[in-house]
Amino acid sequence: MIDPGTVELSRLQFGLTAMYHFLFVPLTIGLSVLLAIMESVYVMTGRTIWRDMTRFWGVLFGINFAMGVATGITMEFQFGTNWAYYSQYVGDIFGAPLAIEGLMAFFLEATFVGLFFFGWDKMSKVGHLTATWLLALGTNLSALWILIANGWMQHPVGAAFNFHTMRMEVTSFYDVLFNPVAQAKFVHTVSAGYVTGAMFVLAISAWFLLRGRYPELAKRSMTVAASFGLASALSVVVLGDESGYTASQNQKMKLAAIEADWQTEAPPASFTVFGFPDVKDRTTRFAIRVPWVLGLIATRSVDEEVPGIVNLVADNAQRIKRGIAAYGALETLRVHPDDTAANAAFMTNERNLGYALLLKRYTDKVVDATPAQIEKAAWDTVPGVAALFWAFRFMVAFGFYFIALFAFAFYLSARRRLDRHGWFLRLALWSLPLPWLSSELGWFVAEYGRQPWTIDGVLPTFLSASSVSAGTVWTSLLGFVVFYSALAVVELYLMVKYVRIGPSLGSSAAPRRAAPAAE
Amino acid sequence: MRMRLRFEIAFALAVKLAALTVLYLLFFAPAHRPEISAAAVAQHLYAAPPQGVLR
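Going down the list, the sequences are from chains A and B. Heads up, the first sequence is in the working numbering, so the first residue is 1 and it goes up one at a time. Heads up, the second sequence is in the working numbering, so the first residue is 1001 and it goes up one at a time.
Mixed in with the good hints, there may be bad ones.
Derived, one-sided and incomplete: chain A residues facing chain B with beta-carbon distance under 10 Å [claimed, not checked]:
hint, residue
1, Ile63
2, Met67
3, Thr71
4, Thr74
5, Asn82
6, Ser87
7, Gly119
8, Met123
9, Ser124
10, Leu463
11, Leu494
I should point out that these hints are in silico values taken from the structure, not numbers from a laboratory. These figures come from a predicted structure and were not determined experimentally. Backbone N, C-alpha and C fix where the C-beta goes; we use that ideal spot for every residue, glycine too.
Take these sequences, add in the hints, and give me the full structure.
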């Protein structure tokens, strides 16, 4: 028996732990590459200030890595306990990239973290630089494997349902690996991590300049952050466009919900810049639309339609009906596994089996579902339109803001005027939380937009959760909140403390103090 | 400074590991995990309906 409260609590618990874990991840991804770039300059030029920079930002990287490591393992705890049906149904596929991530990427990352911190005086310059680049590689590979697993949840390719074992099984690991959704998500997510790392360096360097501390180190750090951040922010937008395109091919309902696109327009579809989605009346009020833009972005053509929510619901009602045929055939096959007619009917409609499972909310006899129940289940395939509409727009707005900020920083850096404008330094400092906010919004759009599925089109969320009691999930959720809140306080305390202490300029001749930046 | 930082990180890691272990033992150890088999999945997805989720 499934308690709906347990399902919602399990979702809340998983969502909170995933979003908390992702506070650490983008900074680790971004800073690891920035460290490698700074150390490369040190090795190429021999100027010790670059070594000091690498070591200073390395300390902050280390704090973030230490506080963040293992915060994601709690999600794996939850798979077995709160999401047992999900784990049994798709664990053979979903578990493989997670295991590879642990064995290959995390071990690589963890090994080279050790060499990075303890190898400065024990390794050659080039040897240490190699370790730093391998650390960055391991960090990025971790993201790759996790996003392959997540990409499969969004677009389950290379797998088929085996009714003998009642599980999804891999048919092509190549397809799982090169899933276009996973690849698009990987490059988009990693670029967002680079933006986070660049903003972190830019903001803290701006703080140093505002206080007149370590000006040479801060200006060089800002120069690296500005150029790397600009390239990354541009990449996020371009690669985000690729994510949008893959959604238009594979997750049409998610795209329609993000755009609050209720009815299919004549191509090319217009893009709604602003508006208030009205779910009840299935319309968007006070909409400001730009002609053609959505059609061009989503289909990369001028003559392809972007289906609207109402039209997709009608399509999904048909898929539910075909799913009922698969469900009926499966019931026969469970009793008579050699029934060729049932086998043929199942094979014909297997792709829609998941849609029939949506009816389990409304009836115990799926094959006898009424038209009203089918319509209700078809409307269940629409995720929360208003939340997705706004979350996406804020994320995109932040993305364009980052481009403008890094472009201006790059311009100032090229003119050697980074410390001339106090307002810009303060703006850079205040912008520090924004990459985290936009990353979390991005995850919200990706995961909330996947609802009502855990595996898109295959397994509904409400059937994925275990039959554990709501009380147990409440208690463990409370435990997580207390644990993660304490961890966040420690992280912030250590970060602020070691930023205030500043770098050790052991061997560089750079001054520790200068006049504070001009107002 | 570096020794101090190492101590602080090591201490935070130790406390974190302990807290994670406690959370695991209290809520997620094998004893808390439902036993799920192919038959249980079949029953859950394809036989009796989940109750209490009608809306």
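Structure-based check of all given hints:
no. : hint   : verdict
1   : Ile63  : holds (7 Å)
2   : Met67  : holds (7 Å)
3   : Thr71  : holds (8 Å)
4   : Thr74  : holds (7 Å)
5   : Asn82  : holds (9 Å)
6   : Ser87  : holds (7 Å)
7   : Gly119 : violated (14 Å)
8   : Met123 : violated (17 Å)
9   : Ser124 : violated (21 Å)
10  : Leu463 : holds (6 Å)
11  : Leu494 : holds (6 Å)
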